[in-house]
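Participant: Chains as they are written, first to last, in the working numbering: chain S, 1 to 281; chain W, 1001 to 1291; chain A, 2001 to 2510; chain E, 3001 to 3356.
Honestly, the hints are just simulated from the structure, not real lab data. A hint or two may mislead.
[Claimed, not checked] Taking lysine-lysine pairs in the DSS-like style, the calculated list, with each CA pair at most 27 Å apart, reads:
hint, chain 1, residue 1, chain 2, residue 2
1, A, LYS2149, A, LYS2505
2, A, LYS2485, A, LYS2471
3, S, LYS146, A, LYS2186
4, A, LYS2505, S, LYS146
5, A, LYS2186, A, LYS2197
6, A, LYS2348, A, LYS2197
7, W, LYS1007, S, LYS200
[Said to hold, decoys possible] Short derived list, chain A residues pointing at chain W, Cβ under 7 Å:
hint, residue
8, ASP2231
9, ALA2372
10, LYS2374
11, PRO2450
12, GLN2454
We treat Cβ as the ideally placed atom computed from N, Cα and C, and that holds for glycine.
The residues making up each chain are set out below.
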Amino acid sequence: MSALYRILKYAAILLWSAFVIAPFLWALTTSFKTANGITGGPTYIPWLQYQPSLEGWRLLFRSGGGGIQIGGPYLDSLIVTISASLISLVLGTLAAYGLSRFTFRAGFVRNADITFFFISQRIMPPVVLAIPFFLMLQFLGLLDTKFGLIIVYIALLMPIAVWVMVDFFNTVPRELDESAMLDGCSPFETFWRVILPNSKPGLVVAGLFCLIFGWNDFFFAFTLTFTQTQLLPVAIVALNSSVTPWWSLSAAALVSVAPLVAVAFVLESYLSRGNLAGAIR
Amino acid sequence: MSADRSKFVFVLPGLIVLVAIILFPLLFTIRVSFSDWDVARPGLDWIGATNYLRLVHDTRFWESFGRLALMAVGSVLLQYMLGFGLALLVWREVRARRFFRVLFLIPMMTTPVIMAVIWRTMFHESLGPVNDLVRLLHFAPLPWLSQAGLAMMSIITVEVWQWTPFMFLMLLAGLLSLPREPFLAAAIDGAGPIRTFLRVTFPMMAPISIGAIIIRLIEASKILDSVYVITSGGPGTATETSSYYIFIRGLRDFQVGYAAALSFTYLVIMAISLTIIAKVLARAMLVRDRA
Amino acid sequence: MKRIKKYTLLATTVALALGGTLASAQDFKKYGIDKDVPGACSYASMSKKDYKGRTLSVITHAVPVMGEPTDLHAKQFQELTGATVNVVHVPFGDLFQRIMIPFQTGQNAYDVLFYGSLWSGDFHDYLAPVPKKYLDTAGMKDVTPTYRKVATWGDTMVQYTVDADRNYLKYRTDVFNNPEYKKKFKEKTGHDLAVPKTWEEYDEIANFFNGWDWAGDGKPHFGSAEVTKRDDLMFSAFIDRASAYAKNPNVKGGMFFDLKTMEPLINTPGFVKALEMFVKAKRYFPPGGDNFGLGDEIFSFGGGQTLMSYTWDDAFVQAMEPTSKIRFKVGSSPLPGSHEVWNRITKKWDHFDKPNAPAYVTWGWTSAVAKASKNQDMAFDFLCFFSNEANADHDLQIGRFGINPYRNAHFTKSFWADKMGWGKTVGDQYVDTLLTIDRSKNHVFDLRIPGVNQFMSSMATGVSEAMAGQKTPQQALDDVAKEWKQTVNRIGVDKVRAAYANVVKLEDNE
Amino acid sequence: MSLVATELTRRVDGVVHLDSVSCVLERGRFYVVVGPTLSGKTSLLHALAGLDAPDIGTITFDGADLAAVPVWSRSVSMVYQQFINYPHLTVYDNIAFPLRRRRLAHAEIESRVRAIAETVSLTPFLERLPGALSGGQQQRVALARSLVKGSDLLLLDEPLINLDYKLREQLREEFLNIFSAQSRSILVYTTAEPNEALLFGAEVLVMHEGRLLQVGSAQSVYARPATATVARIFSDPPMNLVPGSLDDAALRLGDDVRLPRPRHFGPLPPGPYVFGIHPGDIAPNPSGIAAEVELAEISGSETFLHVHHAEMRLVAHLSGVYAYALGENVQIALDGAKLFAFTPDGELAAAPTSGG
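Turn these sequences into a full structure, and let the hints steer you where they fit.
Facilitator: Set out below in structure tokens:
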């Protein structure tokens, strides 16, 4: 490897790192500003360029006094996201195994078409689904409840689980299934005793994708709730008033990404152990 | 139970749950698209294909498709190339690669609607740091959000920032799972890095690439939050995409019937074009594999 | 200046949560209220109510504007009456659909709604009329006639007035009073530098003070900050500019439509002229000024970047914050007008020696109780408590609350000069500006008809297309007119006319 | 007591995997299926195991039709060419896996696992995970797992192909010992290497393009291949085939090579034939025909010498290491007594007398 190549390589890595990290650094410094620290033009260094204040952070945890209490929504978001992800993962994994291992034919419909049907659920823009989902949950009496949101999120997340897991199972040698069946396992036992225990990388990736997409949904969390159930993104945009509060939104951005950074570490550790080999394909 | 019957036990629970959740909204949307549900007239009357006839002449809708195509294809392509590049950079021996890998993944974890606000403040032409940087490089401040081309670029930048990690993850995982033998063979043949990439790496990465691109295209086509926050479709209609236009018609204007017709048309067009894109990609990328 | 005593409030809240006892009327002091004003809605009256075990659902704007006072008074109401009050905060852009979806699907989602009064044309069917008991309260009777009208649909009051808004001109007094600049301006333009009375003057001044450091802080400063982001509140900014040319006090029967034929007037020369001026105005906007949301406008003028601005009070309040660099350097005045006003009857421009400057009653926050609510008694009690004299006086003093004078009592000059600490110059001028607008005989109201958002979003798109150079102003507004006509037909000519008649009645002072 | 396959046919997406394959497999016997890649060996095993149902044809075991019996209820084991084990289980649990599915008593499982582990020399590794073992050991685990059940049908699909040469020899040896102890099972072993079949000395089934070409003992197939195709498949390197003709006195190969008519051709009528000779029966000899060296591969202690004489290409299999330069001229002796004769459509017409 030539020296020039090395230099270029590290330069590229550092350049991209700077791009990735810039919004966070900007959010970090902005979160300590007040209107005065903003209106004079871009400033970066507290004390030197602007007088820092904790107001942006306080707003996230205060109630009654112009802030939002982020704790409840945080918890609600966790409950809804994790439940929906788990259910999607279970159903999606089963379906993906079926689609990966057996042949389905009905008219012109093949396995690939069924897989595409699952994924195609994500094509519909959420805007349109707002009213139908509203009516559906109204009929079920589940508006403004966590359970209602979980149901809707299952429809949103299961396609992702199916997609990741079909690709994952396609990389698991079929001979493993055959061996298990020859050793006396029914298809379900094969799945449960042999395939599932060896699918951790796939499950981790599918599960984490579900978590990411679920955690960051804004639209349904917003449309299908009133006052009882509030998820994190909805609670945070409640700060977005006529005067866009750069400070508290910045703080909120940093707070909301925190649990998912843990997710990034989990993902990475799977990558590094090479366990993800074949987890995504 | 035979293997033939047990296959349904795997697929049906998920399929049934999904259909149960999605069927009503889908059928309802189709039904509403034949109604005149409007802000002043809620309810399901029947007006035939009126909404669809109106949509045919709605140049704003069709123009928004063009912009969507540009935005989605442009940003996904960039994400793919950058993601691939980054994955290649931190694939093999690099100092602190675990740190960089985590770092590169993080933007994907952020909530788009909130990050869009942060980005808008970054692009703020007089109060944001982007133009500060431009000034530092001794250029004139640029109208990031108020000039058509740049506004489009700004939105694409945000999309690239947020979703390149997705491509990066998929492609890095793919690279890490590649067998070593073909690379050894290429090395023995004396192939340089570029040749190795074109002849070995890229073809082997084709299947995963197609999957990742299709998924990203689906997601990118729904772009709404960032457009809304960053430019709200402006200047003029320069950054108005299909789903944003549907949003304006459906939830701003509350033309529920018309928006349903728009969406159903959108759904059909997207399903068809994605299928075609998937086929074309498969042909383009997999043929090279055999060559 | 009295600001809310946050820490006391926080401490009491905690104490109350622990103690679980109802607050007594005497506790108002801990909320930063100087004194309770006796009446049906007072602290004393509320503390006698017992709403234990009942829940009130409230939807309101994001904090702090309207959202923070909602939170504050909800908390107080909760403590006084034992009710549980759940509040959800929604950004302005999403507020309409959040309220409309439950309305149209028959879902009883919210008891109390805070929203922009321009939507009353869409919402009125779903709102409970304000009961007589509340109409008779002293507080309600003191609301200025203009805002009683805004709250009324037909003959019924369906909205509970908690705020009043208008757009007015804000400018930098330090610049306008600077002798050196006055001289320079005279040399350059041949006119005396004065607060603009017409949009042409506004244009000239803004252009003169654009792009150089007239504030002496080493940075370039700019002429004007205006709301130009398409789906933000740009439609109000355009109406601000267009009224001067299009609202002819001598022509009755509608400014946006000809009430008789329901033909759109949006592409008549008055509007086109305003749009041409608006497009031209781009040259004296600060960088990015072609895509400013309200928040950007507030930061721009309130932060001292621009010489002038016109919208709601927020930018003015921001400029008058105690920590502001331009405190006491700002002034207010009614919006500029025009000497030439289009007469759609004669198809000619009428000349006015004194510029025609209609006062645009720019919607403003309002509140209402849902017809479907099962807690209407409690809901109206909450609104009457929210707006009781003591609370209103308190809320007016906190700029970020976004609550502005709507009762005759609020137009007391000493209140603004002393209590707000704005001093006599700024305070008196502010009150005068507001009074002029309120008492004007030449009002423009929002297009409070069904589907108002459809009309406004068509208009904003057209205006934005012209601003971006995609279409000429005439072309853009012709297209808007076409769309308006289709929209009117779709919603129903008679339905729209009936609603618009209410608006025209107010504008024509009938 | 036998497994009878009748006219098994299977196509997948228009590609023929099995073409009317019929065979009878007896208990306690060892069968080796020989054929090149994609000849249908694996398809045959899958069909016999019940993993893939044939489109046409039946399989009966001791007279009972197996069609309705799902795989997991059959008494079949299989060892794959990839080392297939359960990665999440220890070697012990891997071997015990099929026994546990049959709900055998704990002690019974323990004793059987330990016994089989001893047989395949895995006792020291019982607590390891398969991933931590070498390829040979992994394949032993797979073998142990398939043996421990004592299935009626034991299928081995090229189990040694992914191992290096030495390990292959060693394991092959062990297999032979182990298999000879399996008196009640039917063993079916596939391989692309005829030598393996010869070493095992088993019953051979030669497959090509989905069809079963010849069945018989390894020696008999080697000595008398039914067709030229079988001859090529069942010879490593493949048998040299040279078109030529025969008259009463002489035999012609190509354009200009004449050999005296071999005695073992007996009363074969004159005419065109394809003559075959095993590479091992060709050797350089100063009195032979002139040829030019195209390639000399040295493998272990053997040399494969590729030469051509005009259009005639031959491969000679020499034991010992010899150095030849490319393009070097050599003389090659063709021993007429070792020649096979096939009719132009490939049927065996004459074969050398065995041992000759």
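Participant: Against each hint, give a clear statement of whether it holds in the structure.
Facilitator: Evaluated hints:
Restraint check for A:LYS2149 and A:LYS2505: satisfied, since their Cα atoms lie roughly 10 Å apart, inside the 27 Å limit. Restraint check for A:LYS2485 and A:LYS2471: satisfied, since their Cα atoms lie roughly 19 Å apart, inside the 27 Å limit. Only pairs whose Cα atoms come within 27 Å are accepted, and S:LYS146 paired with A:LYS2186 is rejected, the gap being roughly 66 Å. For the suggested pair A:LYS2505 and S:LYS146, the alpha carbons sit about 48 Å apart, so the restraint of at most 27 Å is broken.
About 17 Å separates the Cα atoms of A:LYS2186 and A:LYS2197, which keeps this hinted pair within 27 Å; it holds. At most 27 Å may separate the alpha-carbon atoms for a hinted pair to count; A:LYS2348 and A:LYS2197 meet this at roughly 22 Å. Restraint check for W:LYS1007 and S:LYS200: satisfied, since their Cα atoms lie roughly 22 Å apart, inside the 27 Å limit. Interface restraint check for A:ASP2231: the shortest CB-CB distance to chain W comes to about 4 Å, inside 7 Å, so the restraint holds.
The criterion of a C-beta within 7 Å of any C-beta in chain W is not met by A:ALA2372, whose closest approach is roughly 14 Å, and the hint is violated. Taking 7 Å as the C-beta cut-off, the interface hint given for A:LYS2374 is violated, the closest approach to chain W being about 21 Å. Given hint, A:PRO2450 at the interface with chain W, holds; its Cβ is 4 Å from that chain's nearest Cβ, closer than 7 Å. Of the supplied interface hints, the one on A:GLN2454 holds, with its beta-carbon coming within about 4 Å of a beta-carbon of chain W, less than 7 Å.
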